[in-house]
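Could you put together the complete structure from these sequences and hints?
There are 2 protein chains.
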Amino acid sequence: MVLASALQWIIPIAGLTAVIFAGYLARDVLRRDTGTDAMRDVASTIYEGAVAFIRRQYTTIGLLALGAAVIIGIVIYLVETPDVADVPDLAGAPIAIMTAIAFLVGAACSMASGIIGMFISVKSNVRTAAAARRSLVEAVQVAMRGGAVSGFLVVALSLLGVWGIFTAYSTFVGNVTVAQAPFLIVGFGFGASFVALFAQLGGGIYTKAADVGSDLVGKVEAGIPEDDPRNAGVIADLVGDNVGDCAGRGADLFESTAAENIGAMILGVGVFAIATAAGWPNPEAWIFFPLVVRGFGLLATIVAIFFVRGREDENPMNMLNRGYWVTTILSVVALAFVTYVMMSTGTTGAGANGIPTWIWFFGCGVVGLATSVAFVYITQYYTAGSFRPVREIAEASKTGPATNIISGTAVGFETTLVTALSIGLALFLSHWLGSQAFANDPKSAAIGGIFGTAVATMGMLMTTAYILAMDTFGPITDNAGGIAQFSRSEASAREITDRLDAVGNTTKALTKGYAIASASLAAFLLFSAYISKVNLIQTNRGGELLTSINMADVSVFIAALIGAMLVYFFSSLAIRAVGTTAQSIIVEVRRQFREMPGIMDYTQRPDYARVVDITTRAALRQMVLPGVVAVATPIIVGVLLGAEAVAGLLMVGTIAGVLLATVLNNGGGAWDNAKKYIESGHLLDADGNVLGKGTMAHAAAVVGDTVGDPFKDTAGPSLHVLVKLLATITLVLAPLFIR
Amino acid sequence: MVLASALQWIIPIAGLTAVIFAGYLARDVLRRDTGTDAMRDVASTIYEGAVAFIRRQYTTIGLLALGAAVIIGIVIYLVETPDVADVPDLAGAPIAIMTAIAFLVGAACSMASGIIGMFISVKSNVRTAAAARRSLVEAVQVAMRGGAVSGFLVVALSLLGVWGIFTAYSTFVGNVTVAQAPFLIVGFGFGASFVALFAQLGGGIYTKAADVGSDLVGKVEAGIPEDDPRNAGVIADLVGDNVGDCAGRGADLFESTAAENIGAMILGVGVFAIATAAGWPNPEAWIFFPLVVRGFGLLATIVAIFFVRGREDENPMNMLNRGYWVTTILSVVALAFVTYVMMSTGTTGAGANGIPTWIWFFGCGVVGLATSVAFVYITQYYTAGSFRPVREIAEASKTGPATNIISGTAVGFETTLVTALSIGLALFLSHWLGSQAFANDPKSAAIGGIFGTAVATMGMLMTTAYILAMDTFGPITDNAGGIAQFSRSEASAREITDRLDAVGNTTKALTKGYAIASASLAAFLLFSAYISKVNLIQTNRGGELLTSINMADVSVFIAALIGAMLVYFFSSLAIRAVGTTAQSIIVEVRRQFREMPGIMDYTQRPDYARVVDITTRAALRQMVLPGVVAVATPIIVGVLLGAEAVAGLLMVGTIAGVLLATVLNNGGGAWDNAKKYIESGHLLDADGNVLGKGTMAHAAAVVGDTVGDPFKDTAGPSLHVLVKLLATITLVLAPLFIR
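In order, the protein sequences belong to chains A and B. First residue of the first sequence? That's 337 in the working numbering, and the numbers climb one at a time after it. First residue of the second sequence? That's 337 in the working numbering, and the numbers climb one at a time after it.
Don't take each hint at face value.
Below, a sample of chain B positions facing chain A; criterion: calculated Cβ distance under 10 angstroms [unchecked claim]:
| # | residue |
| --- | --- |
| 1 | F455 |
| 2 | A756 |
| 3 | F764 |
| 4 | M887 |
| 5 | L902 |
| 6 | T916 |
| 7 | I971 |
| 8 | V975 |
| 9 | L977 |
| 10 | V1026 |
| 11 | G1028 |
| 12 | D1041 |
Beta-carbon label-pair distances, calculated as ranges [as the list claims (entries may be wrong)]:
| # | chain 1 | residue 1 | chain 2 | residue 2 | range |
| --- | --- | --- | --- | --- | --- |
| 13 | B | A1022 | A | L402 | 37 to 47 angstroms |
| 14 | A | A688 | B | V509 | 42 to 52 angstroms |
| 15 | B | G559 | A | R953 | 41 to 51 angstroms |
| 16 | B | R1075 | A | S341 | 55 to 65 angstroms |
| 17 | A | V1026 | B | G559 | 45 to 55 angstroms |
| 18 | B | R930 | A | D369 | 31 to 41 angstroms |
Simulated pairs of lysine-lysine, DSSO-like, Cα-Cα distance not exceeding 30 angstroms [stated by the list, open to error]:
| # | chain 1 | residue 1 | chain 2 | residue 2 |
| --- | --- | --- | --- | --- |
| 19 | A | K555 | A | K1029 |
| 20 | B | K1012 | A | K555 |
| 21 | A | K1029 | B | K1029 |
| 22 | B | K1029 | B | K555 |
| 23 | A | K555 | B | K555 |
| 24 | A | K1012 | A | K555 |
| 25 | B | K1012 | B | K1029 |
| 26 | A | K1029 | A | K1012 |
| 27 | A | K1029 | B | K459 |
| 28 | B | K555 | A | K1012 |
| 29 | A | K555 | B | K1029 |
To be clear, the hints were calculated from the coordinates, so they are not data collected in a lab. All values derive from a computational prediction rather than experimental measurement. Note that the Cβ used here is the ideal one computed from N, Cα and C, for glycine as well.
Below you can see the structure in the form of structure tokens.
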């Protein structure tokens, strides 16, 4: 079909449209009112701190990435001998160079989208604060558009990057066919993971150390409100919102979309072979499909941004939800169209019960979209104030911090139940639907099943740009609230920023739920891609296929044990980094209170820059060790125990990582909201009196909230990146692990 | 060799000797001085509470076990058709009845050892307190001998039970050969796990709810010391030490020794086949070996008990360590003797490099013993006061409870590193040594490797009775301290009981390290046994062998995800049970303080019985749900997704369970000791002043200690049982899962 082939052009068109649209949104945000002098003053201080951190962080990451690219190149050069290489003719130097380039392009795109997105977000905060002095709807729109710049750039650059390098390799490099190219671009995903890991770790440590440190001295010891200008740590805290929540999550989802896309294309190669053998029209469409679907997802999101509007007295969450539903519904429609056009099997249809193949795969995509919606609601249930889990933690706070922590831990652990069951169900359904699509032949059905899970993942990723826009809405409004408080803005404006901040907390939690769902669904996909790659190599060697990873092998078992351990050890390093950095901030803020007595009556200005500097240096220093551990472990295990053992590490590490991230994210979110639940006066004692701020129950809830901070904003999100990094690193280095 | 055959008689001899020796120790303890009237009074109150709980708990467990036996019998009757049965001639009713009987015998032996051990332990506490008025050494001996009664009974009854039912089935039931019998007695392990699960859950919930509840009201709110008679919860707390730490851990290790023994025998069947084919003398010795080794372990422990003595001014820990080293050294000697006699391969020796087979397997056993010693030291490093982890938590307490919790979490997570690496190394070494033992033939070498891990596990289990005696020493001295405090004993006696209590805390932590190490090593063993059993069935059916569990299969992946989730969900239920029960205790104790104003000046006696009753009812009610979830999940997954998927659940559930238990046990232990570190005046502020009791740092450390309580004494130990239950339940019901 000509249309199927033409649809490939939607990829660059959608990508470029999204970039241009992001430029339009950025211009729209930047030309808006920047408020009072006081606002501009604090905003520029935040801006400077954020830029200073990002510059130093990305310099470090860039150097690490360059070094890694060289090492990868050398290793690949040594191990990609003709008998194991994906494209035997290119063994050695060509594959090494192509992989290293793909790695660097992936790293560069990820860095670019992170930097630009963060730049716009630190410009949007003050404009949101200024807009809040006039109108709720306008404030929502400024924050959402600022966030959407990030969302579009991340998704578009990842799409254009994967497409560009794929097209370059399959078109301009001799001997490389469309079916071989996906294996050659896995370096792109690895580069993206590599940057994401350090971006998320460094940003996550920064943001939570600053948050925990300044809150503990300010709110608890000095008794001044959050974001009060007398607290020397407050600017570091506001900077942290941008560099952690915003840049970090952007890098995380950039990586998700890139790595999962490449994984899906690798699995598409399997279907390509079936399609070629069966003589279906346009076999290459199966490889391009993941890219095309995401292109349509971008277009759907562009439309949806215009639906983010409402009345002044409306709950801002409704405005955001309206856009989300528009994105989702348009995605379903686009999915039907794309599957119909691209998955046509001509007259030799292979679906069960005479139902065409494309309908089965359309079902897979819908399963993915439905799973992402389900996770949005699951996350709300576990972390929003009106449901049982948060109420339970709030009740437990009455008997002190210990019972608050015990109860929150129980809730965090409990959230793995629905997470695992939902993911299990989504995998089961999409696998079943996919195998029905090729029901005529058992071997094809098996490949169809695995490809079905890939289609589900792609369906889920269609809404990524919108989700990311909502996520970045969080730190922007958080900052806007801080600026309003700091610049002592009017009460009405502060009331609006407070409402937006509450909504931002919810959207931040939702994004984490979404990120986890996509990581889990992708886990099986990337695991299958790894096995495909290992088998490709084995085929070249004429060796035995690894269609079955033997769990009963002692090396696989040991590697699996190490994979599960890595997840804990990595989290331990991340959490400890926050703890020790926070303590040095506490010491510094305390020192300023002590040595500059004028601070408390506003006659002396605290030395914000010093705290920013301490936090920057500590966060950068502390991000290195966990990052290196994460990268080195799968390599060491692979070299010592072999490719089959790595599969064990990959599978069990992924499962353990996804579940621990669920525990940390949702536990942290629930603690946060239990505190808010108490602050908003919902907790009553036995006689019906409100137990609000200033009570022992509130103090206990503050402890839980503080504990949850590094869980949900440092370790949890870093684990999302870790599980995908494990997949991309093993994909790239698979030849090294084969004996 | 005649000697190899004769060595089998060491099993009943050692078992009966140990039972008789336990009787001697019990008589020795019981005839000792019971102290003052006040002591006897509180001791009898504890006794009554403990007996009341145990009676109700074991009645419930007994009924549950009876019901389970009937269901198991019916299920086995339906699924053990001739084409899947272990012994085709016995398919249907005979196998069903034999499995149900084995289950009931296992359950009954476990219950008996738990009840008798607990009975002696509640009698030993007052005698230890009385002895402490005269002599440290005598107090140590009373407590250790009381503990040894438990240790010997648990190990001896498990040994006699497995041996008895094995001998009965292989001797008196027609058609059953020695090589078939191990498969028929897996019900014994399942029965033991079943009882252990509920015993550990019920006891664990009871002990920590009472501890947390009474501490929070007494120490924190009312400001009275621990174990003060004015606290209405104090008797419940003392009862809890016995029913949780003592009866619970006894059931846990009873199950370990039984289940791992049976698993080792099943793997021995593989070697039996090799030995028979090769014409080695005494092929049956390979099946009996695990039982014989444990018999020698019991004899070594009997000798070691007499080495528990020392000078009055000596650290009591040294006295206990002396006995431990005697046990270990004697075990090594016995191991050399047993392997030499039983693993002789005659003139057709099969070891690598001309080294006899038995030497390789002796090496495996030494690896097991060394691993248990390593875990003892690892646990000490992570949970004892003088090392970095505990100091780190104590330092973090300076900035409040939140940083204390964050730091403790980081430490808990970190402990998975050495745990996983040690276990990985032990598995790797014992597997390698075992495969060298049969190096001449690749297929035999593979079986030898797996059997090597079984020998290592058996080596580790040789010292179980001694470890368990040290463990029970913990609650006995804890109780003795409580009785001394409660009865306002002399200061000198209280000083002695305090020292013993501190040692008891260490030994309790060590036992958990040991239990985890044995569970991890056993995980691979039991996993391999499951695969052996499935293959046995497949052979009977003429089906394809399951030598390879395919991780790339979507059902295996889903089941693995569910296995890892189960571990969290189960822990969530256990932790929540403690939290809610503790809250009801807090409410009750507060009510008594309020309504009985005479309590504070000793003019009114609190209503201890009411708190005991509340705790009893709550603990029994709350143990049912997590227990049922643990039992039902593998069955549901097996029925829906099949035998291969169950292997995925088993492997990943076990790994996840072992690591989460490590986190919970060590994190909890480190929090506990960080508090003790501060209380003993080791924490200094910036100016060098001691930050001791009554400071903010101490209050923060108390929060951490309280949080750690349900982690380390309820959820963690219950997870040990869970991972072994998963193995035994799937072994017994494997025929149900095969399509």
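Restraint status (C-alpha distance of K555 of chain A to K1029 of chain B at most 30 angstroms): holds, 25 angstroms
K1012 of chain B paired with K555 of chain A [C-alpha distance capped at 30 angstroms]: The given pair, whose Cα atoms are some 29 angstroms apart, holds under the 30 angstroms limit.
For the pair supplied as a hint, K555 of chain B and K1012 of chain A, confirm whether the alpha-carbon distance does not exceed 30 angstroms. holds, 29 angstroms
Assess, step by step, whether the Cα of K555 of chain A is no farther than 30 angstroms from the Cα of K555 of chain B, and give holds or violated. Answer holds: K555 of chain A to K555 of chain B is near 27 angstroms, not above 30 angstroms.
Should the interface hint for L902 of chain B be scored as holding, given a Cβ-Cβ cut-off of 10 angstroms against chain A? Since chain A brings a Cβ to about 8 angstroms from L902 of chain B, closer than 10 angstroms, the hint holds.
Min Cβ distance, D1041 of chain B to chain A: is it shorter than 10 angstroms? holds, 8 angstroms
Closer than 10 angstroms between Cβ atoms is the bar; does M887 of chain B clear it against chain A? Give me holds or violated. With Cβ-Cβ at 4 angstroms, under 10 angstroms, it holds.
Do the alpha carbons of K1029 of chain A and K459 of chain B lie within 30 angstroms of each other, as the hint requires? violated, 50 angstroms
Please check whether T916 of chain B passes as an interface residue: C-beta within 10 angstroms of a C-beta belonging to chain A. holds, 9 angstroms
Can you verify the interface hint for V975 of chain B: is its Cβ closer than 10 angstroms to any Cβ in chain A? Since chain A brings no Cβ nearer than about 15 angstroms to V975 of chain B, farther than 10 angstroms, the hint is violated.
Is the distance from the Cβ of A688 of chain A to the Cβ of V509 of chain B consistent with 42 to 52 angstroms? Once the Cβ atoms are compared, 49 angstroms apart, the range 42 to 52 angstroms for V509 of chain B and A688 of chain A holds.
Does the nearest C-beta of chain A fall within a distance shorter than 10 angstroms of the C-beta of G1028 of chain B? violated, 20 angstroms
In this structure, the hints that do not hold are numbers 1, 7, 8, 10, 11, 16, 17, 18, 27, in rising order.
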